[in-house]
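S.K.: Since the structure of chain R is already known, use the hints to place chain S on it.
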Amino acid sequence: MGTVGAKDVPVLMSPDGLRIDGRREDEIRPIRIVAGALRQADGSAFVEWGHNKVMAAVYGPREVHPRHLQENHKAIVQCRYNMAAFSVDERKRPGLDRRSQEISKVIGEAFESVVFAEEFPRTSIDVYIEVLQANAGTRCAGLVAASVALADAGIPMVDLLPAVAVGKVAGEIVLDLKKEEDNYGEADLPMALVPQSGRLVLLQMEGHLTREELAKALDLGVQGCREVHAKMKEALRTRYAEGDGGAA
Amino acid sequence: MRPGRGTYRVGDTIYASILGYYDPRPPVAQVIPLAGRYIPRPGDTVIGTVTDAQGTFWLLDVGAPRWAPLHITGTPWKVEVGETQRYLHVGDAVLVRVESLDPTGRIGVTMLGEGLGKLDGGTIVTISPAKVPRVIGRRGSMIETITRMTGAEVAIGQNGRIWVSGTPDAIERVSEALRMIDEEGHRRGLTQRVEGYLTATSARAPPLIDPRLPSVVQRLHEPRAADGAEEPAGPDDDGPSSSAEPSSHEY
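First to last, the protein sequences are chains R and S. To convert, note that position 59 of the first sequence is 59 in my numbering; the numbers rise steadily by one, no gaps. Every position in the second sequence, counted from 1, becomes a number in my numbering once 1000 is added.
Just so you know, these hints were derived from the structure itself, not from any lab. Keep in mind that a hint or two might mislead.
As the list claims (entries may be wrong) - So, partial list: chain R residues that the calculated Cβ filter (under 8 angstroms) puts toward chain S: (1) L38; (2) E63; (3) F86; (4) E112; (5) R122; (6) T123; (7) A151; (8) D152; (9) P156; (10) M157; (11) Y184; (12) Y240.
What the hints assert, rightly or not - A partial selection of chain S residues facing chain R, derived with a Cβ cut-off under 10 angstroms: (13) V1010; (14) S1017; (15) I1018; (16) L1019; (17) P1033; (18) L1034; (19) R1037; (20) T1049; (21) T1051; (22) G1055; (23) L1059; (24) D1061; (25) P1065; (26) G1105; (27) G1108.
Glycine is no exception: its CB is placed at the ideal position from the N, C-alpha and C atoms.
Chain R on its own, in the form it takes in the complex (with noise of 0.2 angstroms):
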């Protein structure tokens, strides 16, 4: 992290309490979520959560390439996260980071923690996540994207994985940073979180919380989850709402 000027912060929280774009610290950003997005792929979703543009892309139950990967007795979950090179203002340098590489792994994690992957043994799940835009909370986008998209792809799971990211802003505790509130915020705590077991799949943080902190911030994540949960289900039932549906 640099050193940054005291100059240089922007106003995160006005007098009354309200935050860099207009929300109240328990309020999300808007989201529209489109599923089966993509014609190829077997599952896609495309979401626009605030600023982030995410899309994502979902192919299997399929041969596991390469092969030594293959499990015997189930499907392998497969995540490839990856920003385009015009999704930050700074031209990022294209392919494989550090950063690209860790969310793979926690997104791909949290996402075998919840497919029946027993049902489709020696098989892998190739989830594939592109950032087209991103503005703070593009883990949460994309792993809610890859979720629609999974779903989208007829894949058996637990449930929808809605996720969010709650921050520390101007010592507040706050829901669903943007990227100034990221940028110059005190902590960030993204959380992936199953509906149907209250269980939590993917909780990571940056900065610094207290107990008190960590609690609150933990209760309005959920709370957060839950309202993305149904943003998810409401995009899955657009797609097949039109027309007169079958046994509807």
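M.R.: Same frame as chain R, but now just chain S:
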């Protein structure tokens, strides 16, 4: 209620594990899938493409989670060990029947049976496996209509792959009819709409090459001297024939 296909149970509650329609007919609660890969059932006739040729078998992609091995003894040919490539190459399409599916997802297929074999020529259209019954129609009425009105030869795989052979025009019309079934198959009056489309396009026989253009054959035999020497633009006439004519660089 017992948890059926597409569901799981935690305690006393049954949850859906896949995206689909809820079918609550007792005693089994199940979810009819709306998406997902083709899950083979023994007896299904499917279309596969060869993805690998080994010494004694080929591997076929039938759209299922795993590739299906086709053993040389499951073919009507006398294949010597190691000579598999003489019969089927990677990329070839075959019509086979599913014989078995074991719990690990291994698929057994055979090419021994009436109508089974290699598919030569033609093109393959992929639709959702769930829509295949619509393509066949009641007692084969839909597919009978399609073949009768286009003159195309059609082979249907239960895995949603449909092989179409015939004139380019017939292939195009069949493909469009299949797309209609795939995308609008759940709506009423499907047969009438498909028939309407096929009737409306039956008189149409668009020439493959725009008659206003000199024939491709002719152009290919023209001396290549004109290469690079751009024809001065005709200021008076910019009609369709001159503007549509590609430069010789494209050939």
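S.K.: List in ascending order the numbers of the hints, as given earlier, that are violated by the structure.
M.R.: The structure breaks hints 1, 3, 4, 11, 20, 22, 27; every other hint is satisfied.
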